[in-house]
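So the protein lines, in turn, are chains H and U.
Using this note's numbering, the first residue of the first sequence is number 21, and each one after it goes up by one.
Using this note's numbering, the first residue of the second sequence is number 2, and each one after it goes up by one.
FYI, nobody ran anything at the bench for these hints, they're computed from the structure.
This one's a predicted model, so the numbers in the text were calculated from it and none came from an experiment.
None of the hints are false.
Below are the DMTMM-like pairs computed for lysine to aspartate or glutamate, each with C-alpha atoms no more than 20 Å apart in a straight line:
(1) Lys24(H) x Asp43(U)
(2) Lys24(H) x Asp113(H)
(3) Lys422(U) x Asp67(H)
(4) Lys148(H) x Glu315(U)
(5) Lys53(H) x Asp43(U)
(6) Lys27(H) x Glu163(H)
(7) Lys149(H) x Glu312(U)
(8) Lys363(U) x Glu397(U)
(9) Lys258(U) x Glu213(H)
(10) Lys56(U) x Glu211(H)
(11) Lys215(H) x Asp12(U)
(12) Lys189(H) x Glu20(U)
(13) Lys320(U) x Glu332(U)
(14) Lys215(H) x Asp24(U)
(15) Lys458(U) x Asp340(U)
(16) Lys206(H) x Asp24(U)
(17) Lys205(H) x Asp12(U)
(18) Lys148(H) x Glu178(H)
(19) Lys314(U) x Glu144(H)
(20) Lys165(U) x Glu183(H)
(21) Lys148(H) x Glu180(H)
Facing chain U, a subset of chain H residues (Cβ under 8 Å, in silico):
(22) Asp44
(23) Asn97
(24) Gly101
(25) Asp126
(26) Gly130
(27) Asn131
(28) Asn134
(29) Pro186
(30) Ile199
(31) Lys205
(32) Lys206
(33) Ile209
(34) Phe212
Ideal placement from N, C-alpha and C gives every residue a C-beta, glycine not left out.
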Amino acid sequence: MATKIFKHIQTSVVPLPIENIDTDQIIPARFLKATTRDGFGNNLFRDWRFDGDDNPKQDFVLNNPNYSGKILVAGKNFGCGSSREHAAWAIADYGFDAVVSSFFADIFKGNALNNGLLPVQVSEDFLKKIFDAVYADEHAAVEIDLENQFIRLVATGEQESFEVNPYKKACMTNGYDDIDYILSKKETIAEFESKR
Amino acid sequence: MGQTLFDKIWDAHVVSSNEGFPDILYIDTHFIHEVTSPQAFDGLRTRGLPVFRPKQTVATADHNVPTIDQHLPIKEELSRYQVDMLTKNCKEFGIELYGLGHPYQGIVHVIGPELGITRPGGTYVCGDSHTSTHGAFGAIAFGIGTSQVEQVMATQCLLQSRPKRMKIEVNGTLQKGVGAKDIILYIIAQISAAGGTGYAVEYAGDTIRSLSMEGRMTICNMSIEMGARCGLIAPDETTINYVKGREFAPKGEEWDKAVAYWQTLYSDEDAEFDSVLSFKAEDIEPMITYGTNPGMGIGVTQHVPETASFEAKEQGSYKKALDYMGLHDDETLLGKPIDYVFIGSCTNSRIEDLRQVAEFVKGKHKADNVTVWVVPGSKQVQEQAIREGLDKIFNEAGFPLREPGCSACLGMNEDKIPAGKYCVSTSNRNFEGRQGPNSRTFLASPLTAAASAITGKVTDIRSFFNEEELV
Numbered sequence: 021m022a023t024k025i026f027k028h029i030q031t032s033v034v035p036l037p038i039e040n041i042d043t044d045q046i047i048p049a050r051f052l053k054a055t056t057r058d059g060f061g062n063n064l065f066r067d068w069r070f071d072g073d074d075n076p077k078q079d080f081v082l083n084n085p086n087y088s089g090k091i092l093v094a095g096k097n098f099g100c101g102s103s104r105e106h107a108a109w110a111i112a113d114y115g116f117d118a119v120v121s122s123f124f125a126d127i128f129k130g131n132a133l134n135n136g137l138l139p140v141q142v143s144e145d146f147l148k149k150i151f152d153a154v155y156a157d158e159h160a161a162v163e164i165d166l167e168n169q170f171i172r173l174v175a176t177g178e179q180e181s182f183e184v185n186p187y188k189k190a191c192m193t194n195g196y197d198d199i200d201y202i203l204s205k206k207e208t209i210a211e212f213e214s215k216r
Numbered sequence: 002m003g004q005t006l007f008d009k010i011w012d013a014h015v016v017s018s019n020e021g022f023p024d025i026l027y028i029d030t031h032f033i034h035e036v037t038s039p040q041a042f043d044g045l046r047t048r049g050l051p052v053f054r055p056k057q058t059v060a061t062a063d064h065n066v067p068t069i070d071q072h073l074p075i076k077e078e079l080s081r082y083q084v085d086m087l088t089k090n091c092k093e094f095g096i097e098l099y100g101l102g103h104p105y106q107g108i109v110h111v112i113g114p115e116l117g118i119t120r121p122g123g124t125y126v127c128g129d130s131h132t133s134t135h136g137a138f139g140a141i142a143f144g145i146g147t148s149q150v151e152q153v154m155a156t157q158c159l160l161q162s163r164p165k166r167m168k169i170e171v172n173g174t175l176q177k178g179v180g181a182k183d184i185i186l187y188i189i190a191q192i193s194a195a196g197g198t199g200y201a202v203e204y205a206g207d208t209i210r211s212l213s214m215e216g217r218m219t220i221c222n223m224s225i226e227m228g229a230r231c232g233l234i235a236p237d238e239t240t241i242n243y244v245k246g247r248e249f250a251p252k253g254e255e256w257d258k259a260v261a262y263w264q265t266l267y268s269d270e271d272a273e274f275d276s277v278l279s280f281k282a283e284d285i286e287p288m289i290t291y292g293t294n295p296g297m298g299i300g301v302t303q304h305v306p307e308t309a310s311f312e313a314k315e316q317g318s319y320k321k322a323l324d325y326m327g328l329h330d331d332e333t334l335l336g337k338p339i340d341y342v343f344i345g346s347c348t349n350s351r352i353e354d355l356r357q358v359a360e361f362v363k364g365k366h367k368a369d370n371v372t373v374w375v376v377p378g379s380k381q382v383q384e385q386a387i388r389e390g391l392d393k394i395f396n397e398a399g400f401p402l403r404e405p406g407c408s409a410c411l412g413m414n415e416d417k418i419p420a421g422k423y424c425v426s427t428s429n430r431n432f433e434g435r436q437g438p439n440s441r442t443f444l445a446s447p448l449t450a451a452a453s454a455i456t457g458k459v460t461d462i463r464s465f466f467n468e469e470e471l472v
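Excised from the complex, chain U in its bound form:
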């Protein structure tokens, strides 16, 4: 019987497999950041252990960092302490740190791919659930807790039980204005925030194949939002072309050897999956979430479900979510006034996202009632945007381009959405208080976020298409 892509990569990384124990899985690169690493470094010190493979460990500061005036000391004391602690720990344990001010600094899931560290066939972990992003390259990548961060630091390995395999196919042609973010929000709305739990999900089908690497990263990024252990997409020409020439990508003979291997990385035709789901691209509208988990999403023209449509035992949680969001049964979100628009996060802060938004907002201006933050995913994205003059377009539109970091995705820095305010956000989670205490999040694509910033209310991006053509 043939093998799945996931199993091919997993098997190539099993150090030992013992009956009754989880597999010992070898990790190619361990990404670390300031929030989930300090206790792991402390653990190593207590045990008197070094970092086993410091050269396979890459550090950056992203969660806590301010997104303006990054050249100045961090004002918030606890954030500054945590970032300083990372610097100290990296120095003590011999780990390369792309900290504030470094040209490679940025959100951990943006810099890995853009530096060519993330490659097909590899295994990647990080103390961050959105590590699933790296699976877009045809890799196994998943988030881990701090005890596991310590385990990988100590041994470059992780005890892991092999998950089940799910294939999610999307075939057909997307409507204009519908993109990768809408696809993944649609899938999660269909299968729920728990629908992928226990699975490694391979995304396949011609719609997925037609996506850029940025789009594929957006899809894999949100795998965790349906509970999946990880998400991955078989590498192809698009993948290879993206990796080629990047800073840490293999070169010369190494490159040829690598590409030959990458070309073997696909699920065999007779490979068996534990679950297979299929969706049609034509069914997907621009999506928006209305509730407090990413599974609570609808097409932007649809209405919020009625409480009575849920089973009795689910109604209490549903009602709680609607109350939190200040919404009611059967409400349509279209036209609902909003207060903030956040374009950023490891889901949608890459250069392609910024180009798409800039192209749309060129010559337009945000509505007066909306504050817009555009936060690039990395220093390299920021500089590329400036080289292309996107910052000028953004400024003229009232969309100031800030400095890189996780920012308002989780509000660990100053970029918080105030209580009761609505934010159309390109990030990945709409949990209660995620963007700041009592903030209210509508998750959407960069285009939907940009269109909503222009009109000042939740907007169907397709309503602009009569006036102009959009590439």
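Bound-form chain H, shown alone:
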């Protein structure tokens, strides 16, 4: 089945300079009861975004009208914790196309890539430059080019290259999905089973 295609974006960013943001913050367990993939964006960062009476917390960045954009920028070890893919669904459903951090948890990274949400790992220095830029000008634009594997601060032209698994890159830029690929190997799988 085709998945979302990601090649290139240029957009303002939403800064969330907190380290070790875990999947329970991204989407608390009590919201995992849906049986479809839709609608998780409403509960993205639920307990940071809303108080106990469901009123928006004004000091949280998603409730600050000054910040918007398709890129979420967060502190290191983003997405640690649970394997729940609902975390990637929630971020994508909210409207983000990419997450930038100086370090990603393993399972989250894989889940994001399987959902057309690009995790971009940058150096601590470059992460700081993005935060500095967006705090100086909330409209500061960031460009992410997946095909050429770089991220750039548009105003200054400062850029950094980032790593991405070549197979996953091909999937994202073409909208391929793992299952289509692996299904094409079904005979090899059956052969493997018969030899065990």
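Fit chain U to the supplied structure of chain H, relying on the hints for placement.
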């Protein structure tokens, strides 16, 4: 050059390896539960695909289930719907379900091992990060997202890049009152919640070897809490004795053949690891966490670190964690009043955990200010506990034994810690809101949790040793 244990198992499961692609890894058993499977079943329906190997798929209901009155319909509507959906999906796709009321029902990472499904040398996945638990048997086991759950359902295989290998050795003799949970909390505190990211971690050393299978499962269970892809321990006599005779363990000739293979599963002496870490068992105190990730742990007698001891860019996150926990710089947790004690979860809900707690609390009673929940990991654990009379000891101590499930580890059912309350918990995560919105979690061992329940405050289990001997 020799091979690591991890590479031996990985290589035996590679269906195909193509340059520029992740390996196609064969999965021996796929465990599924109600929370991370419904969207995967929907995906199969959309693609018009069956489950490729339904007999290698095992289902249970654990995350959402109530831990009292399990014979009654689930009251919470969304939970009931999700559990019903699992039943319907398993029926449609021909998968064995150990659902509510089944004698094998329980937390997915407790039932796999106790049924003899988890074995040395195997590959196991589940849409749950604590799948690393099964690595205790000398297996490759890790958590996956729902897209991957669908992939395994469709093909019994997973596209995976081979991780790096890390060896963590623990040698020496543990102090009395210090156990497997303290070892893993200590390791994570030393290397941080991200210290194992990108690695398959093999635990080795004489301290690890001396642990029971239950203890080894506790260690491997929390591998993900340092970010590791998986954790594993080479199988030995302890492993083989544990598996022998279990419901789905190989029998007769098959057993002999299996054991002969399992005995080849160890890292060769000249095997190379990408990273090797060593710790001394004597350095490990009973551990407790003070913060909002499992790397924020200290010996129970130590003080909470000072904000100034962190790099400037880390101080904001650190301060946020302390504020959430209602703690301050340099505070000691010893003696801090608590409200709840939770003994359970895939980390510490096996029969050995319950026996250890029962032995300690026998003849004692919980403090008035504390609510205690003891949640067995499975129906079999619950029944074994009752056969051994542990439930009576628990009841007399004010520690009611509930019914099996994930319970207050993640508060998807009714077992939630109220806002602002402190819980000493034997589970695996102290994230903000993990046990309920604004709940505050101190992770610790079953013994530390039990001792804290008795005194009503965070307690050093060793303070009881002057009064009595503990086995």
